[in-house]
Amino acid sequence: MASENSKDVVERFGDRAARWAFIRPKKPEALPIELGRSRIYVLPTSFGLFISGVIAVLLLGALNYNNNPAIFLAFIIAAAAHNSLVHGHLLLSGLSVKTLHAEPVHVGQIMFVRMRFEAKGARDRRGLELVCGDSEEKFDLLAREQIEISLAIPAMQRGWMQTGRMRLSTIRPLGLARAWSWIRPDTHLLVYPALEAQAPALPEAQGEGSQSRMHSQGEHLHQLREYRHGDAKKQIAWKASARGEHLLVREYETQTAKEIQLDWFMLAQLPYEARISRLARWVVNAEQSACRYSLRLPQEFIASGNGLEQRHACLRALALMPHG
Amino acid sequence: MLLQLPGALMAVLSITLALAFFYSKQLPRILRFLLVALLGAAVLTSYNFGIGRDSASAGLLAMLALKPFETHNHRDAKSLLGFSLFAPFAAFLQDQGPLTLGLSMAAFVLSLSAFSALAQSTRLQWRSTLKSASSAALIALPLALVGFWLFPRLSTPLWGLPQNAVSGKGLGDRMEPNEWLDKLADDRVVIRAKFLGATPRRDQMYWRGPVLTHFDGSAWIRDLGARVRERPGLEKETNAIAYEVMLEPTSTTDLLVLDLPTLAPENSRLTYEFTALVQEPINSVQRYQAASSLQPKFIEPLDDVTRIMTLRLPNELNPRTRELAQLWFSENPDPITLANRFNTWIQKDFQYTIDAPLLGRDSADDFLFNTKRGFCQHFSSSFAVFMRSAGIPTRVVTGFVGGRYNQFGKYWMLYGKDAHAWNEIWVGGRGWVRIDPTAAVAPENILDTVEDLQSSENFAESMLSSSFETSDWLRRSWNELILGYNASRQRNLLRPLGFDTDDAKQLTFAFLIGAGIALAFTLMLLLRQRRENLHEVEQAWRVFIKQMRKQHHNKLSHEPASRFAERVAELYRSKTPGSAERFNQLCARYTQWRYENLEFDSGEIKQLVADLRHFRPT
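Protein chains in written order, with this note's numbering: chain A, 1 to 324; chain B, 325 to 942.
Derived by calculation from the structure, the hints in this document are not laboratory data. Do not take every clue at face value.
Unchecked claim - Restricting the straight-line Cα-Cα distance to at most 30 Å, the calculated cross-link-like pairs of lysine-lysine (DSBU-like) are:
id, chain 1, residue 1, chain 2, residue 2
1, B, Lys-870, A, Lys-120
2, B, Lys-455, A, Lys-138
3, B, Lys-870, A, Lys-98
4, A, Lys-138, A, Lys-98
5, B, Lys-621, A, Lys-120
Note that this is a predicted model, so its numbers are computed, not measured.
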């Protein structure tokens, strides 16, 4: 985690300057984002500033004494330092962000934003750093390869979230200068509402049914399916999972007759956001208990259904409720 | 750098460094403080508490050796690295030879590796880091060279030069017959001279240094007033000798010139005594051209001030010399005859030796009538006392004589041991005339080197001497190319290109142009991507795709070759069915080669390559 203290003076200056009008990119942009040379910025690091001071003193001394080897020494250090600026620039130039996506999470959880980077040209790009807010990821990208970086960003608010300004930077090759480019993807990532911690039990089911339902507990094993967020641990088929790459859970067939109606207007006694998080919790619970459920919201009605699609539709509707 | 320190100090510092390397725990504060104090004391005592260039350099080294003891995080490492850049600089203050530069370049590459090691967060791979550091160093060369040749140089230093703790190779401002001259055992080359036109005879090669006028009874001292006086006029010389000199650092302000200079080296001034003076002590190799006259004729008579000064002797000293001088003068007052008579006398009775006995209070009397053994200092000093006693204006001139010819580089080398002292007497109508009493005694000791005396045909010896000449030539070329470069040579370099370098703006402009060119070159090197190791068919395919793009058939990057072939063939079919067929076949063959793993023999591959490269739709 890059805390504010570990950043050097120039880095903080760069962060502050990011808000200036002429710094590119000027507004969020659509993927894929190519890092062209006009949007890469290079400034010396504080160590670079120190070294340039040293070089200046060396050069002045050498010129004063007309000490030719020393002059040469000073110039070759200066030239190497200067070339490292160009080199740093080249390390970033030609990179592109191909994709950016993340599984929706609930407010308060950590969202893993996955970004795919690709490098053009025959240049190995090592020592890249991706920083977004307080989270930081370091990686190497070899020539003509792609890499997927997962960046942990806390989800703070329900609804559409943007990653904001991300910084892709490197201090290679010599650590004297930092080359960086700002990435502002316009991708919107969905954040589900927070789940109420201790919600009362689901409202009573209404109506009768006799469909055969999948359920996590039951008598007859129906199938194995991939693990989904929220599945109970005891459902996991460990033996079966060990054979494959993914975690598998058992699904049982059971007779169910439940159909739950989740109604916004039933919760009139609760404050606005509390209602949303109660409904979100109920949606999750209903899905886990394999009930069919419907959701009524002020502007929307989601008809009765079941399964991941239904769960997502409900949570999405809740997440996108206007902020009260 | 470590090697330039006194032995004891060197040992102490090496031990400290080794300790620092192996002992990675943090020392208690007290212990560190003690170490600093101890090393500081060691440095100071080994330089006898003198604060100067050498002790400062040693101090820097001591601190650098100590620093690893408290280097425990990135920040410490960085500052250590930064300051360690000064170490080669300090080394250059001592010695500017190729070896030092080579070592410092190695240090430079190591520093670059250390920089990049610090910039890496992952596990360090020394081999690749070193490799990339050396390539970075190579790429930095063009820009560094431009900076070196074109960056505006200072023609006068901004601040004073550090004092040398060790004296240079130059001649001093005083000469005392009783004082042993270290110079006479100095095997280092001081002057390398090349004659541009005619070469003078060897016995005329007197390289003029400080002129000593005042005699206090034991020492000859330079007349400082001569520096500010105009020099007397000479008759116009028709066949002056032109030459180029490369002078090693002497720590004095005298440039050595052939006796007698008529044209001063650049940036120097000829004094009243015809010595060439520069402003600042010479601490780097000097390279200059000058011209001299072998038979100078002074136009004006001797002025009274100089006459008085060059006749003055301490009153009651050397009575016997005075007596003899006045006697001989009364017999024949002609200065030249008198000098010759003196020379004939000492030639007969005197002996040249470096191991001369000490002289008493009346040094001339003691030498001429008693010890009769000595070297140039004794001879020139006694001669001057003798001539002055006879009333003939005389002074002592110091410099270098003789030398050795470098066959390989075609120049003359003069060593520290070629240092010499001779005299000048004033002869009415001619001016100052050079008289060398030492040459009268032992011409071979001053004009010839030992090597010439044993001019045997020994093969090994001639090999040895020629390899020596070659190495000296290499050193001279180094001096000429690298060390002798200064503001004035920069001016000469740029003048033919139309830059007036007295104008700071133009000089900056020249530097910027040069830096621009070097930068472009560097950028080219940096941008040069590794050439891909592609099969020849792949390469031909790329040429083919490029050719098709020119025909406005752009292959999309996600499009497979077969789909592209279909699409373009379709386009051709309507216009030129023939080329559509050929095109389709060509693509099919490529696909077979590339994706179907069909066996192609070399002939088929050759054919495919040729077809791909030369496909043109009809």
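Task: Given pair status - Lys-120 of chain A, Lys-621 of chain B, alpha carbons within 30 Å - done: Answer violated: Lys-621 of chain B to Lys-120 of chain A is near 80 Å, above 30 Å.
TODO: Decide if the proposed pair is consistent with the structure: Lys-870 of chain B and Lys-98 of chain A, CA atoms, cutoff 30 Å inclusive.
DONE: Holds, because 25 Å separates the two Cα atoms, which is no more than 30 Å.
Open item on the list: Lys-870 of chain B and Lys-120 of chain A were given as a pair; does the straight-line alpha-carbon distance stay at or below 30 Å?
Closed with: holds, 18 Å
Task: Distance restraint between Lys-455 of chain B and Lys-138 of chain A, which requires alpha-carbon spacing of 30 Å or less - done: Given pair Lys-455 of chain B, Lys-138 of chain A holds - Cα atoms ~23 Å apart, limit 30 Å.
Task: Agreement of Lys-138 of chain A and Lys-98 of chain A with the hint, judged by alpha carbon distance not exceeding 30 Å - done: Holds, because 18 Å separates the two Cα atoms, which is no more than 30 Å.
This entry does not satisfy hint 5, going by the numbered hints stated previously; all others are met.
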